[in-house]
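Student: Now for the letters of each chain:
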Amino acid sequence: MADTRSSLAPPRSFLWTRRVVLTILVLFTLLPVYVMISSSLKPLEDVQSKFTWIPSHLTIRPYIDIWSTVPLARFFLNSAIVSVAATACSVVIAVFAAYGVSRYRFRGKRVFTVTVLSTQMFPGILFLLPLYLIFVNIGKSTGIDLYGSRGGLIITYLTFSLPFAIWMLIGYFDSVPRDLDEAAMVDGCGPFGALFRVVVPAAVPGIVAVAVYAFMTAWGEVLFASVMTNDNTKTLAIGLQNYSTENNVYWNQIMAASLVVSVPVVVGFLLLQRYLVTGLTAGAVK
Amino acid sequence: MTATVTSPSARDAGGEGMSGTGGARKKPRIPGRLRRSVIPYVLLLPAILFELLVHVIPMIVGVVISFRQLTLFFIHNWGAAPWSGLKNYQVAVDFNSAVGKSLLHSFWITVVFTVASVGLCWLFGTTAAIMLQDKFRGRGTLRTIFLIPYALPVYAAVITWAFMFQRDNGMVNHLIHDQLHLTDHASFWLIGNNSFVTLLVVSLWKGWPFAFLIVMAGLQNIPGDLYEAAAIDGAGMWQQIRKITMPSLRSVNQVLVLVLFLWTFNDFNTPFVLFGKNGNAPGSADLISFHIYQSSFSSWNFGSGSAMSVLLLLFLLVVTGVYLAVTSRGRKASDG
Numbered sequence: 014m015a016d017t018r019s020s021l022a023p024p025r026s027f028l029w030t031r032r033v034v035l036t037i038l039v040l041f042t043l044l045p046v047y048v049m050i051s052s053s054l055k056p057l058e059d060v061q062s063k064f065t066w067i068p069s070h071l072t073i074r075p076y077i078d079i080w081s082t083v084p085l086a087r088f089f090l091n092s093a094i095v096s097v098a099a100t101a102c103s104v105v106i107a108v109f110a111a112y113g114v115s116r117y118r119f120r121g122k123r124v125f126t127v128t129v130l131s132t133q134m135f136p137g138i139l140f141l142l143p144l145y146l147i148f149v150n151i152g153k154s155t156g157i158d159l160y161g162s163r164g165g166l167i168i169t170y171l172t173f174s175l176p177f178a179i180w181m182l183i184g185y186f187d188s189v190p191r192d193l194d195e196a197a198m199v200d201g202c203g204p205f206g207a208l209f210r211v212v213v214p215a216a217v218p219g220i221v222a223v224a225v226y227a228f229m230t231a232w233g234e235v236l237f238a239s240v241m242t243n244d245n246t247k248t249l250a251i252g253l254q255n256y257s258t259e260n261n262v263y264w265n266q267i268m269a270a271s272l273v274v275s276v277p278v279v280v281g282f283l284l285l286q287r288y289l290v291t292g293l294t295a296g297a298v299k
Numbered sequence: 010m011t012a013t014v015t016s017p018s019a020r021d022a023g024g025e026g027m028s029g030t031g032g033a034r035k036k037p038r039i040p041g042r043l044r045r046s047v048i049p050y051v052l053l054l055p056a057i058l059f060e061l062l063v064h065v066i067p068m069i070v071g072v073v074i075s076f077r078q079l080t081l082f083f084i085h086n087w088g089a090a091p092w093s094g095l096k097n098y099q100v101a102v103d104f105n106s107a108v109g110k111s112l113l114h115s116f117w118i119t120v121v122f123t124v125a126s127v128g129l130c131w132l133f134g135t136t137a138a139i140m141l142q143d144k145f146r147g148r149g150t151l152r153t154i155f156l157i158p159y160a161l162p163v164y165a166a167v168i169t170w171a172f173m174f175q176r177d178n179g180m181v182n183h184l185i186h187d188q189l190h191l192t193d194h195a196s197f198w199l200i201g202n203n204s205f206v207t208l209l210v211v212s213l214w215k216g217w218p219f220a221f222l223i224v225m226a227g228l229q230n231i232p233g234d235l236y237e238a239a240a241i242d243g244a245g246m247w248q249q250i251r252k253i254t255m256p257s258l259r260s261v262n263q264v265l266v267l268v269l270f271l272w273t274f275n276d277f278n279t280p281f282v283l284f285g286k287n288g289n290a291p292g293s294a295d296l297i298s299f300h301i302y303q304s305s306f307s308s309w310n311f312g313s314g315s316a317m318s319v320l321l322l323l324f325l326l327v328v329t330g331v332y333l334a335v336t337s338r339g340r341k342a343s344d345g
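Listed in order, the protein sequences are those of chains A and B.
Heads up: take any position in the first sequence, counting from 1, add 13, and you land on the numbering used here.
Heads up: take any position in the second sequence, counting from 1, add 9, and you land on the numbering used here.
Nothing false has been slipped in among the hints.
Sample of chain A residues at the chain B side, in silico, Cβ under 7 Å: (1) 24; (2) 38; (3) 129; (4) 142; (5) 169; (6) 204; (7) 250.
In short, the hints are calculated from the structure, not lab data.
Beta carbons are placed, not taken as given, at the ideal position from N, Cα and C, and that holds for glycine.
From just these sequences and the hints, can you work out the full model?
Tutor: See the structure below:
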């Protein structure tokens with residue numbers, strides 16, 4: 014691991030610098046987290062008047078009210094459906110594509126990998142307007158409602174995580190010895206049998222990491238959600254803004270809701286961060 | 010995301026596929042060869058289909074409608090929108106007109122913002138990664154804490170910052186005005202010139218953990234012998250960082266800075282969540298993606314919005330091309 018310099022005791026100047034710098038970074042990082050948690054436990058008067066570090070009294074009221082002030086449960090469900098479906102599709106598609114690239118030589122391989130990866134760098138706004146037009150016009154001519162539907166969002170989101178997923182899985186699959194799937198083929202498995210019985214089980218950490226990444230991407234997407242959803246399909250990214258009305262901004266509820274919607278991804282990420290870091294290490298420096 | 014562009018080609022050249030190891034090469038049987046040559050395409054087909062639908066085709070459509078006068082009237086029937094030649098582009102780059110002037114302004118704001126944000130993110134991320142390189146008590150906890158901003162959904166985090174930057178009931182004014190007395194009066198942070206600082210702080214908070222993550226991954230590949238050898242030669246801590254750590258991170262940095270640049274330059278989420286409620290970003294924080302979005306959806310003039318997006322893409326392509334050419338040449342020179 015990274016404890017490569019432990020043989021040498023670092024000088025005091027370094028230790029002190031380290032202590033100071035890391036303390037500042039921790040404060041900077043946790044400041045919003047503290048504000049989020051403490052404000053979510055404050056009564057409304059507290060968050061509408063001058064800020065206080067400590068709540069005047071603690072209340073869990075905001076956590077009850079968030080569900081009735083806006084249809085949070087519906088936004089939650091929409092986000093969950095869209096993110097889970099996009100993640101599942103993205104992982105399956107990426108497994109196939111990465112297997113193809115990792116194990117076969119074929120014409121157009123380089124074009125494929127370069128094209129897929131370069132879509133990652135293009136500004137989202139460039140796709141947004143045309144995609145909106147395409148979805149609206151597909152709906153008009155075929156009756157398939159992509160605009161404003163969860164299906165449209167799922168299709169869109171799965172492609173956002175696809176480039177990273179494919180690239181990371183290629184790295185993982187390359188590290189699975191070819192002898193293993195050749196042996197499986199000799200035993201009578203087809204290429205798909207070899208993929209699912211040998212390669213996929215050996216690459217589980219990579220697949221988990223890719224799934225976490227895909228889920229986080231979909232759960233946090235704002236730009237396309239702001240245009241491609243309606244009142245029924247609105248996701249959390251847009252729904253949270255409903256807590257501020259003309260007359261009132263329920264900051265304590267916004268903080269409570271922010272915390273509630275963050276929990277699934279943050280917990281998932283922290284539990285599985287090891288996989289993601291390993292996955293990045295496997296690919297990043299190749 | 011990281012060293013992506015180079016790795017597939019290397020694999021392409023060196024890696025011998027399954028097809029080469031089977032019997033097909035020695036004794037060409039047509040059906041077997043045919044099946045084998047079709048399989049990779051079958052495997053790639055779903056990925057290709059979705060990439061076409063969501064990225065390639067919209068991009069082509071985007072270029073096409075940038076040459077059309079596509080206004081609200083034609084949204085549901087875009088084929089009927091009249092061609093307008095280069096008119097959308099002329100309006101966008103006519104810096105005497107209101108549209109062109111505000112686009113240019115937004116562009117410069119975005120450039121300054123991006124340079125500042127990427128620089129700081131890289132600095133914070135690299136510093137933290139190097140300081141967590143040695144084993145010490147609490148190292149794992151610190152790493153987890155530092156990754157929280159990366160894990161939080163963007164909108165939840167940014168909305169919290171929006172609350173903190175409120176003038177009357179925000180935490181920032183309470184701290185710097187009421188408690189530390191650094192300012193004469195409570196300042197506005199989400200309108201006016203201060204909003205640039207606001208945007209930068211939020212962007213840094215959100216962006217540096219990614220740099221940290223990538224540099225940390227890069228550090229793990231530096232062999233420990235290098236440090237030991239340097240220590241035997243009498244190199245101190247700071248010298249080791251300068252002479253061993255930084256040069257070893259070169260290729261990681263090349264990709265990291267590019268990715269940070271592209272993400273920051275295209276950042277839409279931060280201004281949207283911070284300022285979206287007011288309808289418009291303040292002039293000093295008018296990032297280009299949000300600018301194009303606002304001007305497209307307030308006027309419903311998708312033709313001119315697409316022209317601006319295409320210009321943005323061309324700019325990014327040129328910058329990326331030049332960047333890769335310059336940094337790769339620098340790398341080759343120093344390697345050789």
